[in-house]
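Trainee: Add chain B to chain A, keeping to what the hints say.
From first to last, the protein sequence lines stand for chains A and B. Residue numbers for the first sequence follow the working numbering, so the first one is 1 and each next one is one higher. Residue numbers for the second sequence follow the working numbering, so the first one is 346 and each next one is one higher.
Think of the hints as simulated: they come from the structure by calculation, not from any bench. Each hint should be verified, as a subset may be incorrect.
[What the hints assert, rightly or not] Capping the alpha-carbon separation at 30 Å, the derived lysine-lysine pairs in DSBU-like fashion look like this:
{"#": "1", "chain 1": "B", "residue 1": "LYS389", "chain 2": "A", "residue 2": "LYS341"}
{"#": "2", "chain 1": "B", "residue 1": "LYS355", "chain 2": "A", "residue 2": "LYS63"}
{"#": "3", "chain 1": "B", "residue 1": "LYS438", "chain 2": "A", "residue 2": "LYS340"}
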Amino acid sequence: MVGIVSYGTYIPAYRIKAEEIARIWGENAESIKSGLGVYEKAVADIDEDTATISVEASREALKRCGIPSEEIKAVFVGSESHPYAVKPTATIVAEAIGANRFCYAADLEFACKAGTAGMQICVAMVKAGMIKYGLAVGADTSQSSPGDALEYSAASGGAAFIIGENETIAEVKDTLSFTTDTPDFWRREGMPYPSHGGRFTGEPAYFRHVYTAAKEIMKRNNLSPEDFSYAVFHMPNGKFPTRVARMLGFSSEQIEQGLVVRRIGNTYSGSSLLGFSAVLDVAKPGERILLTSFGSGAGSDAFIFEVTENIESYPREPKVWEKIERARYIDYGLYAKLRKKIRMV
Amino acid sequence: MLPRFWRKIKYRYRLVGSYCENCGEYYHPPRNLCPKCRRKGSIKEVPLGSEGTILSYTVVHDAPDDFKLQKPYVVGLVKLDCGAVVTAQICCKPEEVEIGKRVRAVFRKYSEEGEDGIIYYGTKFELI
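The shape of chain A in the complex, shown without the other chains:
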């Protein structure tokens, strides 16, 4: 059965604390932290971007499974911060990992769910017999307007998954998408920062899509929350995934392992995938995992995974939570320089 053969992750070392951002904008850090559920976030260095994060995560995935890179015949990179408006990040990733030259490749964009969209394409291509192995990456160095609420959460990081049929560590039992035209978050061409609909991003956007997709995939597979060991929902902040889990009937124990947002922020296309990777880091054979991403605009991709025996012998070090611990804290001045918020003349 088609599934995940390997995975890799990358989280930049720099972190900025909510207190430091609040200090600059004269806001109350404690109320931001308790309101958003984000304490600090990962920040890309001056020489890191979506392409470098994607390459590092993909190389880790390849190293862990030992598959020759020429056997990768599809590369899809999902991001809302591709380094080029025109020139695919997937070409840079395919070249850097040494993928087969006869390689299906494209960049995907669907706010925070472009990475899971790439996974679905790879699953379909493997099932159709078009490829043996495909690589799907979700990575971002997300931008936020200075002083905007998004600044506390918009973070950098990513995860890569090799999809195939042999030696899978987790089988894809089912996947579906729920899509509507919901204007909750957008960025027009040429604009440096995204805009959002404020409170509109909650009920009609995140909750409706994540809830509907998760509910439907469980229903059509005759499963209920207690049939899952873990659930991972997209993490725009620490509150939304906790609340949607409760709405669906999942316990806090089922989501805790994947709740990486408090410590690294919302890594957009990497967000639910980094949470899912943190779950794979500790998952045991036979365990069932529900993954539901969300992309503004809006849509959700839901997956049901079942962990196989192969995970026992699969090398999972260093784990996502270990990478989260390797943090170097920076002040707002350096953060502003790294994120190019200082106007250079």
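Mentor: For chain B alone, kept in the frame of chain A given last:
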């Protein structure tokens, strides 16, 4: 600049270098001719591996325009485990670098040709 970089993408992204089948030496950047064996040498392209040791380094304080946001930064000579010596940036603070420290190759951005130009990527090293 553009065609020159494009021709070297393989060597910069993936640390592909040269191996002389006659004397067993590895080289980076790649060579058409083995400097030891000359005409007797037999050069082929091989991946050089991703780990090595810092042979020497310097800290750049007076940086060119493309790199001024990174200063002060470290440039080092890294002796890869196969023996080839690579000149590259080492991603660490100047006070952290030491001769003999182990490093591994990472994929990073080198520079970009302004806001509308091409972005150059390649290999740098980080401390293990």
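Trainee: Within 30 Å, alpha carbon to alpha carbon, are LYS355 (chain B) and LYS63 (chain A)?
Mentor: holds, 19 Å
Trainee: Between the alpha carbons of LYS389 (chain B) and LYS341 (chain A), is the straight-line distance 30 Å or under?
Mentor: Answer violated: LYS389 (chain B) to LYS341 (chain A) is near 46 Å, above 30 Å.
Trainee: Is LYS438 (chain B) close enough to LYS340 (chain A), meaning Cα to Cα at most 30 Å?
Mentor: At roughly 20 Å apart (the allowed maximum being 30 Å), LYS340 (chain A) and LYS438 (chain B) satisfy the hint.
When the structure is compared with the earlier hints, a violation turns up for hint 1 alone.
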